[in-house]
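**Student:** Taken in order, these protein sequences are the chains called A and B. Just so we're aligned, residue 34 is where the first sequence starts under our numbering, counting upward by one. Just so we're aligned, residue 34 is where the second sequence starts under our numbering, counting upward by one.
Derived by calculation from the structure, the hints in this document are not laboratory data. Every value quoted in this text rests on a predicted model; they were computed, and no experiment measured them. Hints are supplied without guarantee of correctness; some may be wrong.
Pairs involving identical chains hold if they fit within one copy or between any two copies, as the list cannot separate such chains.
To be verified - Cut-off 25 Å, straight-line C-alpha distance, at most; resulting in silico cross-link-like pairs (SDA-like, lysine to any residue): (1) K163 to D299; (2) K35 to D223; (3) K35 to D51; (4) K163 to R305.
Here is how the chains run, residue by residue.
Number of protein chains: 2
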Amino acid sequence: MKQAPLSIALVQHAMGPDPYDNRQASIDGIERAAAAGARLVILPELHASEYFCKYHDPGLFDLAEPLDGPTRRQLSEAARQFGVVVIGSIFERRAPGLAHNTALVIEADGELAGIYRKMHIPDDPGYNEKFYFTPGDQGFVPIDTMLGRLGVLVCWDQWFPEAARMMALAGAQILIYPTAIGFAPEDDEDEQRRQLDAWRTIQRSHAIANGLPVVACNRVGFEADRSGAGRDAQFWGHSLIIGPQGEIIDEAGLDAEVLVAELDLDRSDQVRRIWPFLRDRRIDAYQDLLTRYRHF
Amino acid sequence: MKQAPLSIALVQHAMGPDPYDNRQASIDGIERAAAAGARLVILPELHASEYFCKYHDPGLFDLAEPLDGPTRRQLSEAARQFGVVVIGSIFERRAPGLAHNTALVIEADGELAGIYRKMHIPDDPGYNEKFYFTPGDQGFVPIDTMLGRLGVLVCWDQWFPEAARMMALAGAQILIYPTAIGFAPEDDEDEQRRQLDAWRTIQRSHAIANGLPVVACNRVGFEADRSGAGRDAQFWGHSLIIGPQGEIIDEAGLDAEVLVAELDLDRSDQVRRIWPFLRDRRIDAYQDLLTRYRHF
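Using the sequences plus the hints, can you model the full thing?
**Tutor:** Here's what the structure looks like:
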């Protein structure tokens, strides 16, 4: 049976120091997306705050909120009000001393369909995430919604073909990455261009390797380091909607934007018939993917 | 200790019905590559013959040759004569009824450094490889040469992130793909463009995910189906040299060409410091990569 095309929206926006304003920007984006006909709306990673991982500060754990905290409540209300499925992202307080970087999948009736706790955690200059986020312990499990089975992953996960494959093997119909990535101001233009192009390319590759659409919603804007010990960040936007052969269907620019496109989820089946990679995986010979390094 | 840049050459050429002519074209290419200063020379997949997998014909097993057959002997002689390491590719006769699609790695002194038997075997209209080639049984093991540790894979392998990762985890310093891929004449221009771009993208992604250079050497030319039961093939060339951030260093066109470029193998270490993906792989959570499908 042929499915109707799925209209999806990526709400690419900037964040400032006030969580109230940030949540309002997210809700405004959801409203605009719904008005444009979107049924699935995706927000950037950690959209309720500035990207606080620029430096280490135990005080910033105050930003964390439980799964039923203010961001979740506001997203559920918006999902219900506008009748859309929403992918949000929070700094999740799970217990004292235990926090995660967690994506929320909220049904159009406001119920929580499921969560995904970021599995791969970066730690680089300006991206001190290992200080804040405990790596996810739930594995790579897609989340069923009224719109289909969604393979929700988060940011750094997008560099790992393993994560995309695990979701595809579990029947994900689309891969979804809320993300927060930007230019390091000290890099020259060539390096900045290479990094942005690598980021687009690795996501396109997940679509190709797995024969399914991939979307990534990034934040935008300049966020100054307020500590003097971290780094400024210039988030690069460029939220992407990619088809199952890796073709770019639509792409945002450097500024705030609601990007809307239609996805033909039936096309994955056709693409996998001409590129039947799942048929030919050598599962008898991949054991060492479970090792850190292979010493020969 | 800083290594000198490695000059590599991809000999992109066409094949006709006469194996003698094809071998001569390969040897001419090796000579031109060496004259241009290359120390590592890579030939396309199955360069001694037309791409015979366009259709099923038990008679075509006559094309298979042992590891010390005429192609190997001629490549060894050329490697020694021109003082270069050569990556060749043969239809390997291992035993009656047992053949492989095998890459040969030949040292500059003419000795066989090692072989790689293609692990992932395609089978699609016009690419009936499962009829001819038994899947490799040696796994993903790079081959040590005087020029470094080479992660040699073959054609269809290039669509599988698992293969690239296995080689990177085993210390491969460069991924090398002899290949034979082309346009299906019945596809429209948009589909042909998407396929070529997907092919470039997936290979760039292996460089990005693993922080190492990737090269692919493809054949060119139109090869008519001689059976009436198979398909014509228009091989698309576009042999690629890719740096460790996925950047395209050089790329051939649709015609025969010897593509030469210098690779800075030291750059991989620097790239992996800013993108330390090997550090963060969730080897505790990848078990299901060894399954065919995950049923939830």
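**Student:** Which numbered hints turn out to be false for this structure?
**Tutor:** When the structure is compared with the hints, numbers 1, 3 turn out to be violated.
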